[in-house]
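Chains A and B are the protein sequences, given in the same order.
The working numbering numbers the first residue of the first sequence as 1 and each following residue consecutively.
The working numbering numbers the first residue of the second sequence as 1 and each following residue consecutively.
All the pointers check out, no bait thrown in.
No more than 16 angstroms apart at the CA atoms, straight line, and that leaves these computed lysine to aspartate or glutamate pairs for EDC-like:
(1) B:K62 x A:D308
(2) A:K363 x A:D516
(3) A:K317 x A:D286
(4) A:K317 x B:E59
(5) A:K74 x A:D223
(6) A:K51 x A:E20
It is worth saying that the hints were derived from the structure and are not from the lab.
In this text the structure is predicted, and so the values were computed from the model without any measurement.
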Amino acid sequence: MKQSTQIAPKLRSGSQVLIEALERNGVKQIFGYPGGTIMPVYDALVGSSLKHYLCRHEQGAALAADAYGRVTRKAGVCMATSGPGATNLVTGIANAFMDSVPMVVITGQVPSALQGTDAFQEVDIFGITLPIVKHSYIVRSVTEIPHIVNEAFQLAQNGRPGPVLIDLPKDISAGMGDVVYTPPQAWPATDLPDEDAMQAAAEMLSRARRPLVIAGGGIAISDSVDEFRQFIDRTGLPVTTTLKGLGVMPADDPRYVGMLGMHGNGAANHAVQNCDLLMVVGARFDDRATGQLAQFAQSARIIHVDIDAAEISKLRKADVAIVSELAPALDGIRPENTANPGWQAQCAGWTKEFAWRYDAPGKGIYAPKLLRDLSRTQPEGLTITCDVGQHQMWVAQHCTFNNPLEHISSGGLGTMGYGLPAAIGAKIAKPDATVVCVSGDGSIMMNIQELATLKRYGIDVKILLLDNSALGLVRQWQEIFFEGNYSEVHLTDNPDFAAVARAFGIQARSIKEPEDVSDALEWLLNTDSAAMLHVAIDSMENVWPLVPPGKPNHKMMRSNP
Amino acid sequence: MTEMNNTLTIKLSGSEGAVIRALGLIERRGFSLVKCTVGEADSSGRVMEVSVSSTRPGELLKRQLERLHDVFHVDLKPVAAVKPRTSGIRPVTRRI
Numbered sequence: 001m002k003q004s005t006q007i008a009p010k011l012r013s014g015s016q017v018l019i020e021a022l023e024r025n026g027v028k029q030i031f032g033y034p035g036g037t038i039m040p041v042y043d044a045l046v047g048s049s050l051k052h053y054l055c056r057h058e059q060g061a062a063l064a065a066d067a068y069g070r071v072t073r074k075a076g077v078c079m080a081t082s083g084p085g086a087t088n089l090v091t092g093i094a095n096a097f098m099d100s101v102p103m104v105v106i107t108g109q110v111p112s113a114l115q116g117t118d119a120f121q122e123v124d125i126f127g128i129t130l131p132i133v134k135h136s137y138i139v140r141s142v143t144e145i146p147h148i149v150n151e152a153f154q155l156a157q158n159g160r161p162g163p164v165l166i167d168l169p170k171d172i173s174a175g176m177g178d179v180v181y182t183p184p185q186a187w188p189a190t191d192l193p194d195e196d197a198m199q200a201a202a203e204m205l206s207r208a209r210r211p212l213v214i215a216g217g218g219i220a221i222s223d224s225v226d227e228f229r230q231f232i233d234r235t236g237l238p239v240t241t242t243l244k245g246l247g248v249m250p251a252d253d254p255r256y257v258g259m260l261g262m263h264g265n266g267a268a269n270h271a272v273q274n275c276d277l278l279m280v281v282g283a284r285f286d287d288r289a290t291g292q293l294a295q296f297a298q299s300a301r302i303i304h305v306d307i308d309a310a311e312i313s314k315l316r317k318a319d320v321a322i323v324s325e326l327a328p329a330l331d332g333i334r335p336e337n338t339a340n341p342g343w344q345a346q347c348a349g350w351t352k353e354f355a356w357r358y359d360a361p362g363k364g365i366y367a368p369k370l371l372r373d374l375s376r377t378q379p380e381g382l383t384i385t386c387d388v389g390q391h392q393m394w395v396a397q398h399c400t401f402n403n404p405l406e407h408i409s410s411g412g413l414g415t416m417g418y419g420l421p422a423a424i425g426a427k428i429a430k431p432d433a434t435v436v437c438v439s440g441d442g443s444i445m446m447n448i449q450e451l452a453t454l455k456r457y458g459i460d461v462k463i464l465l466l467d468n469s470a471l472g473l474v475r476q477w478q479e480i481f482f483e484g485n486y487s488e489v490h491l492t493d494n495p496d497f498a499a500v501a502r503a504f505g506i507q508a509r510s511i512k513e514p515e516d517v518s519d520a521l522e523w524l525l526n527t528d529s530a531a532m533l534h535v536a537i538d539s540m541e542n543v544w545p546l547v548p549p550g551k552p553n554h555k556m557m558r559s560n561p
Numbered sequence: 001m002t003e004m005n006n007t008l009t010i011k012l013s014g015s016e017g018a019v020i021r022a023l024g025l026i027e028r029r030g031f032s033l034v035k036c037t038v039g040e041a042d043s044s045g046r047v048m049e050v051s052v053s054s055t056r057p058g059e060l061l062k063r064q065l066e067r068l069h070d071v072f073h074v075d076l077k078p079v080a081a082v083k084p085r086t087s088g089i090r091p092v093t094r095r096i
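Just chain A, same shape as in the assembly (with noise of 0.2 angstroms):
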């Protein structure tokens, strides 16, 4: 008789296959928190080849996870169970939604039978998100869940990347199923560049008197440095960059002119608001790099090469779009004469005028220097995560970058809280690189639990918090724009910020003096484990420049009215 050949199935509990999907998908390293719903997955995932990072907030995993996203350009995967542990991670999926980030969230869900009746920690977080995210599942049957992880990989990763949230309600977890692993289906490719437009960016360019170059984010995301930078090289065009766009130039190139906006610099401002022709790579026109809309560059011309249609047109009309990844379109695009002497040595006139300085008067620590000599210290292999506020905007301003991936910031978002939780991600990413968390004395509060996940894991992370007390940046509208009149923005009952690192298990040092700064930045740079520096600034102490709300670019202030 025929030996029957039929194996028997094998049956899986839905989270030993998700985390064997996650592993087929590279996943090394996720960061989370366990809770009741998500129980199944935890179970799981003891035993599998993933490290866990156990953050002390679930918005702390997913900023972390986000950060990680930005470094290695593979999503970032955090964690949590449903109801507050979903809704705690909300702030760093929009955060990685904003900034275009890769990330895979995984929520726990109440089960199936339970969705809908209001059941304990029951939240519709797929609803909860559907604004800010790339895409999202609701897992209905075991059987689909490796499809669903592809996919939500691919979708995060691919085009403009961006956080795709896996509901999964706790019977599916912990359900059985007999499933056979699928590998990923091929991601199709991307449209090339329309050779038609790029024809026509080309000639644009080769007609311009006073072109302008605007890189923006979208370069590093696509991992196009390169191709940028050979661009500039051949055609010899101004840059200016946006706060994501930092480090897309090396910063004393002589064609780069600074960053724009907001905060941006002068040179940068005026070349922007003088060209008649604006090319603009990987930005959206976001509102605080380009002041007033309506007077923003009013006399140029706009190409406009993204991988994102949908930001076509959105805020300025383009004249010419390129609408595919970076790198093809700035290697096709060729133009044949783009000297123009009179206005590069305009731009450079400029850059000069408005070369920043660290004479300021005052007897305490000047942040802006600070941060101009932590770049000089250590001009390789630095990478600095900001929280959010005026630090975020001096280390914008003062601390240099030779790649956009060492500047790690919440741009579109603006999440204080960021830095901590992000250098945690950078470091976990990047084990060789010096990550600095440049944070201030409100923003670093807002996930100073985190330094308990520093203490866990030994990672070597080190803090350089910039202590005004006061909301600086908030308080420097109020200074401004509100007559002074001051709300809830002095901070002066701090806690002893060193003393709370060192109850952590962090060794911390607290300076004052301008002559204590190189050797502390010393000390910092060259302890061995984690560590935080506490520096007391001025509380008066201003951004400059600064263009005022509702205004272009060029009317910017330098200093207090």
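With the hints as your guide, set chain B onto chain A.
Just chain B now, with coordinates in the frame of chain A:
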């Protein structure tokens, strides 16, 4: 600013959340929903017909909808201009 009416025929996935994802995007991007018909889903998805009104160009909404993974195809048909309204639509202005 003159408001324009546009009709969009949206071919989209029949999967969970697809309809609300598309409708949410329409309002979020500054278009008022005038009328909406949602067809029955079959194996190839479903068709939704939406009339919208906005001072913003309908072409922008078409491209935003086409970004969604659930949306397969969008046809846009402009309808006659309507009278300006005093409320309802957020103009494209800068936030502070």
